[in-house]
Amino acid sequence: MLTKKGKYGLKALAALSRVPQGQLVGIAELAQANAIPKKFLDAILAELRNAGFVRSRKGKLGGYCLARTPDEIMIGHVVRVLDGPLAPIPCASRTRYQPCDDCDVQTCQVRHLMLDVRNAIAEVLDKTSLLQMAALGGTEALQETLSA
Amino acid sequence: MSATAKSIVIIGGGASGVLLAAHLLRSDDPDLRVTLIERQGQFGQGLAYSARLRHHRVNVPARGMSAFADDPEHFWRWLQRREPGKHTSGFVFVPRRMYGAYLEDVLREAGERQPGRLLVMSEEVLSLNESRTGVETILGNGTSLASRWAALAVGHETQPARSRGIAVRSGSERDTPLDPDAPVMILGSGLSMVDAWVSLAEARHRGPITVVSRNGLLPTGHKDLKPIQIDAADVPFGTSLTYLTRWFRALVAETEAQGGDWRSVVDGLRPYNQRLWQSWPMREKRQFLRHLRPWWNVHRHRLPPDLHDGLVRAVHKGQVSLIAAEFVGIERVGDAVRATLRPRGTRRHETMDIARVYDCGGVSVDIRASGNPLLQHLVRTGAARADAMHIGLDIDQNCALVASDGAVSERVRAVGPLTRGRFFEIEAVPDIRLQCQQLANSILSTVTGSPAQR
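First to last, the protein sequences are chains V and B. Counting in the working numbering, the first sequence runs from 457 upward without gaps. Counting in the working numbering, the second sequence runs from 79 upward without gaps.
Just chain V, with the same shape it has in the complex:
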């Protein structure tokens, strides 16, 4: 399932995608504007930087920006980095699976179903770019404003 970490990471990326190219956003500003604890955001952005999705510059005028254009960043790729191999339950991963205490890996039907579920999740998330996700939020936000 998407953890807080994954959700915060996606929100931060979406915020960075709205910034004009070449412009950096300070981490405090990013944390405040998206209601993310700053220390947590520090750790999240460090992981996103290691994975090549964001770039940073240190110092007073430093901050973060996307390392690629928003259409080149796929949501599924980001979630794997932040939350691991898209497993709805910890045992439902082939490469990073953690066995449950109560069942046998080979015969547990729940696990088999959840393996299918996570591949379906990957199908959707790997076809959705940050740009597309930002557009989703955009229309929803727009509709909310209109109906208010």
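Treat the hints as calculated values from the structure; they're not laboratory data. It cannot be assumed that every hint is accurate.
As the list claims (entries may be wrong) - Straight line, CA to CA, 30 Å or less: simulated DSS-like cross-link-like pairs of lysine-lysine: (1) V:K514 with B:K363; (2) V:K467 with B:K363; (3) V:K495 with V:K516.
Could you slot chain B onto chain V? The hints should help.
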């Protein structure tokens, strides 16, 4: 519909062309017409599977070499009919010319399913002209063919050897018999280098063999193992190469801690190699080609175990020495040649005198430098262009040719190694057969309204 409305011309009769023809001819449509054109006149025997290489073997176990992805035992059954009782398991590496013979049989059987649908021609193709109604294929004999579709399957191409013809391609006409005690040099560390070494070993060459490549690596050997199971949801697509490499190494360490082998990880990842490549922006692709590819190649493109052992023995005995260096150039000095190298991590130039230099720098990648008249024509007229990485032809996701102005061809497709700019992992039969199956189905569903039948 007239007969020509269901016609396709395939240019190139090597493995890719034969596999595409065979997949098309699985259709039951009696009006389908497939014309396969090969300039060498031998079908199924492209660069990889030609009879010229008498002792060379396929670098993939027989169990992975079926022409049809949905009938994985097809080659294995053929092999058992051909050599009854000789092979006890599919983990066997057959001579390449035997695989060429298999492809010939695949083509013959495909043609015999419904006589009159397959035409094979031994001709050179000079150019293609696409119009709204079809494709005109201009042949070297002055005639032309009209068809609704055309497919480029021109495959691997060796460029002339480097350095103004002083270096020699192994097995070429200029590879004349050598003094068995003469020192020689091989440029390259891939499977072509091993081919050159096999040729020398078969000729009982005793002289020292110096292998020069950027990193001084040797291809690894196969083992009879099963790949580990990996799902798409496990693979870190789209990340930086350092991130991916760390993930990969951790998975190898974990697999080996459980008694497994790194080969099972490399092979487990195989179904996702094309998606991994496609998930990277240009920057990562470029970095991969520049920094990671040599290491990837020696682990991914492995040798039959006995061949690998023989090569390692030759290195230990000192007959073969591996040098990590950049090849600077060569010049003739009397009967011999003098090669200049820049050893890795240094700025100094070193020279070495040898009797012959074999250029095994691999297969051609930049189509703008192609020696094939058809590719030259397509590039010159703007009907085709190199992909962004300059490692093949630019095509769209359906393998349709992309012109220099970005327009996508309605009627011309490409298959095989030439499409590596989009797919990267498209060098070997297991990937090419799948590509041919998909392309055949997409063409047939347009032409006849239904995909191929078994």
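Hint numbers the structure violates, sorted upward? none
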